[in-house]
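Quick note on the working numbering: the sequence shown kicks off at -12 and runs consecutively.
For the record, the hints were derived by calculation from the structure and aren't laboratory data. Certain hints may be false.
Stated by the list, open to error - Restraint-style ranges between C-beta atoms, simulated for each label pair:
#: 1; residue 1: Glu(-6); residue 2: Met103; range: 22 to 32 angstroms
#: 2; residue 1: Glu(-6); residue 2: Glu29; range: 18 to 28 angstroms
#: 3; residue 1: Thr(-9); residue 2: Thr88; range: 40 to 50 angstroms
#: 4; residue 1: Ala17; residue 2: Lys95; range: 21 to 31 angstroms
Stated by the list, open to error - Simulated crosslink set (DSS-like; lysine-lysine; CA at most 30 angstroms straight-line):
#: 5; residue 1: Lys43; residue 2: Lys94
#: 6; residue 1: Lys13; residue 2: Lys43
#: 7; residue 1: Lys97; residue 2: Lys43
#: 8; residue 1: Lys43; residue 2: Lys2
#: 9; residue 1: Lys97; residue 2: Lys13
#: 10; residue 1: Lys94; residue 2: Lys13
#: 11; residue 1: Lys13; residue 2: Lys95
#: 12; residue 1: Lys95; residue 2: Lys43
#: 13; residue 1: Lys2; residue 2: Lys13
Beta carbons are placed, not taken as given, at the ideal position from N, Cα and C, and that holds for glycine.
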Amino acid sequence: MNITTDEAARIAGAKACMRALDEMIKSAEAFHDGVEKSTEVEEAAHYYGSRLRDAKAFADAIGPLSPYQEGVIIALAEYIHSSTTTGEPSLELWTPCVALTADQYRKKVKYLAARMAEES
């Protein structure tokens, strides 16, 4: 089989993606293991923080990306992470953390913490 440089790069990229996806899914599946946070804010911060951290690690495994490409890849990875940890999100209501400003992110954590407090 004669593999061109473009083919080799595509294959290498696909393999890197699968390794990164495997790591992210393992992390997402272990999300609830040993999670004992003392406050709803800590638990909400853990949820969003782990989702974003795992999604960024996924994007980093791909290699150098433009900011636009990084946003696309991290949003997709966050969706996969959310689907694994809490079930498939409703796209009409769900917003990836990567699409938020720092202030919006803090408000989202506080909002989730308040909802969790109401449910407990």
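Query raised in the report: Which hint numbers does the structure go against, in order from smallest to largest?
Result: Those not satisfied are hints 1 and 2.
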